[in-house]
Amino acid sequence: MQDSLKSSSYQQLEQKSKYTNMFLRWFLYFILILFASYFIFPLYVMVVTSLKTMEEIRQGTLLSWPSGLNLESWAVAWGGRGYGAGDTFLRPYFWNSIKMVVPAVFFSTFIGAMTGYVLTKWRFKGDQWVFLFLLFGCFIPFQAILLPMARTLGVLGISNSVVGLVLVHTVYGIPFTTLFFRNYYVSVPTELVKAARIDGAGFFKIFFKILLPISAPIIVVTIIWQFTQIWNDFLFGSTFSFGEAAPIQVALNNMVLSSTSVKEYNVDMASAIIAGIPTLIVYVLAGKYFIRGLTSGAVKG
Amino acid sequence: MKTLKIEELSKNFGSTEVLRKINLEIDEGNFLVLLGPSGCGKSTLLNIIAGLETINEGNVFIDDYNVSKVEPKDRNIAMVFQSYALYPSMNVRENMIFGLKQAKTSKEKIEEQLEKVSKFLQVDQLLERKPSQLSGGQRQRVAIGRALVREPRIFLFDEPLSNLDAKLRVEMRREIKKLHQQLKTTVVYVTHDQTEAMSLGTRIAIMNHGVIQQNDTPENIYNKPSNTFVADFIGSPSMNLIKGTLKETSGEISFTASGSNVEIPIKDYEFKDKSNLNNKEIYFGIRPEHIYFKKSNEIDFEINLRANLSEYIGHEQIITFDYANQEILAKFPSTIKIELAKETKLFFDITQISLFDAKTDERI
Amino acid sequence: MFKWLEKNLPKIVMAPAVGLIGWFVYGFVLWTLYISFTNSKILPKYELWGFGQYEKLWASRKWLIAVDNLLIFTALFLIFCVVIGIILAIFLDQKIRAEGLLRTIYLYPMALSFIVTGTAWKWILNPTLGIQKMFRDWGFENFTFDWLVDREMAIYTIVIAGVWQSAGFVMALFLAGLRSVEDEIVKAAKIDGASLFTVYWKILLPMMRPVFFTSFVILVHISIKSYDLIVALTQGGPGISTTMPALYMTQTAFHKSQVGLSAASAMMMFMAVAAVIIPYLYSELRRENAR
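Residue numbers (our numbering), protein chains in the order written: chain A, 1 to 301; chain B, 302 to 665; chain C, 666 to 956.
In case anyone wonders, no lab produced these hints; they're calculated from the structure. Computed from a prediction, not measured in an experiment: that's the story for all the values here. Every residue, glycine too, gets a C-beta built ideally from N, C-alpha and C. Incorrect hints may appear among the rest.
If you anchor each label on the Cβ, the simulated ranges turn out as follows [stated by the list, open to error]: (1) C:V846 / B:S500: 32 to 42 Å; (2) C:F808 / A:W65: 42 to 52 Å; (3) C:D815 / A:S64: 56 to 66 Å; (4) A:K288 / B:P389: 26 to 36 Å; (5) C:F805 / A:W65: 15 to 25 Å.
So here's chain A without its partners, still in its complex pose (with noise of 0.2 Å):
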């Protein structure tokens, strides 16, 4: 008689937790695909958006579906109108970025790997802080050195130029790409470069023969970060250049906030996703080496 008892009663904790189960695991998705649609929300109004007419928009909501696949807003956005002066279009000013990207890019993820690689394989009295003097860059609010760089790049003769952002991108990206080698070099085993030693290789031997081959990983989360930085940034852009020479973030805000005519919510929505195309490609192919870059970047502090 207590066996049965015992038993049913095995038998009811078993059912209880079988419906509270599926009740969890459904709240759970719900809440889930809730915050998903929060975030999804903002990016399909937005190419909804650029997919319809003024008249469409005026008369619709946010979330209604267009009626056709209107590309005429994104032909604005992107060349024009060709009305001549007074006309912003993003195409110049996706190039301009282009043109300051891809050198920043390069230069600052070079000398960040050349930088981390002395800093963890050839160590020195005091390499500690010479890691610490270099950190402390990637945390400073860059309104400290605004106007100093401003004025040099005056002085230098190459303000409100593509160079002159090159060089403040490039500046301003090594803490940063040089935390990623650091860290990253820091797990590679000093064994491996004990070896070469041993073996008769010099420094730069080393680099490029041992070490540039396993730094794949490193390298694409380093110029993905940078990638995204530099093309994603504003307050450079804005404050160092204006006109002929701004990179396509400022273009954008300039279209945007541009009230010489009738507010064009279509063409603005454009050019957002013109402007945000390439990082979210990135994104979405080398997603897992954004994350990567953000979490050890981090959470190594």
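Keeping the supplied structure of chain A fixed, place chains B and C upon it in accordance with the hints.
Frame of chain A; chains B and C shown alone:
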């Protein structure tokens, strides 16, 4: 009533069969060791007993109740993990009473249990410390205390000594043995270390590839291994397995190693099946410690073999002999001088042999 | 000659990085610090003026509003990002199908610039054609959502957009943290009878203290530097109701030609960041050395 009974238990991970129709029973107060190499399924079996893993086929009974689908917390079990798994953000006291608090035990009972167990395990001075402030041995005692405090029906240990250095391992092993003697609890203990298994267990279940090879007392496992896997797994160095054939002539059985013409008479051996022994291909099993340099009893078999290698381990030495081009090992005290590359007279204690079918690897 | 080169090669290779940072970071910050003690207007003057700029700064109504906004924004930004981040991390830790897809969705906003984010949300929060119209067209005729142009509420629109951008990052940090916990601890908790909620609340989250710490530091850092988002979403308006220190600094330097005052505001921002970062770096390095 059996404290633990496992019936026709099978478990797969995907397409891999990890446990195959396991059957196992233990009586109260027994210390059952699940022994085997990595991947044999012992940890999975332990997790299933705990309720941390699901079952594909079969049942688990604790005190005759079918607990196959019951949550771990309702099974009246407690577990000590390899890494101890103490909650890092809680101190020792909170760690130990956590389970009791979850079970909504009264405050008085909790204090009573805590005092009893912490005094018993000598961790009562450590109650306010955090796990990171404890030594390895202390952490283990706290982990055991966390289990003890709940007075479970079965204690489960998952390789608790594997993370310790050799010296501490021996110390902690004796502590666990003492604990078991005093408390007479029912224990299921997983390890891959056969010395641990032999010294701690009242019963050992040796597993390989998801199947129990032999479930027996340590003495039987040592003296009467049921197949070559068990014979080889237990003992350091393991049992010598010499390939050869049996001959039966008018009731007299003898063994000849392949490549030799020496006949070893087999007397007083309990055969499972005395038919078809003639010309049977077998493995002749004899442990290194049962090969002597002096006659130990009347029916010892005398043989001259050439010594090839000697390994000195302190109080003992292990000598490798050549027997018809098969290597066999013998264990002698290190006070004996054995000359290498020469023939030495050896004595096989044939009351301690095990014979195995060469095709099935089973004991005959 | 070559011997010397060989021996000092590491230091030489390191020199560009150290030199550039030394000049463009430390040197520049010191210059800004110096200028904040002068009476520079359009062009920098180099005679020291004492704390005059700082007095001016803290007497400025616009600056006080900026600081006030920063505090409100930081508090809400922190709370929402961390709460949402933790919830999402815990939920995603439950062996969800399509976990990869969901993670991508929660994190993609971080790939966008603040200008793009600000532009999108500016449209969504548009007082006549945005969310307000959406709800009204659905039948809620008296629904108003004109926070964007409301002096009191505009600051909260920045919170909405900011949280949208950064919550996923906090989620990524906590998810990584939760996953680094060895599963024997969760097993032990299950045997001890802890419910799923208790496992997280009493055991796993307390173990996440370092992640909390890191998240706070990084979020505060992002918050103090907020500039792009404000410019794109509200331009500091309506009026100056959503102005923030970064915006103040740029406007005083380049629109109001008050270089000295701007430098002072920049140094205040610098000190705020230093107050958070320096203890953090110190404790991190101590932890690393203790290992």
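Which earlier hints turn out false for this structure, listed by number in ascending order?
2 and 3
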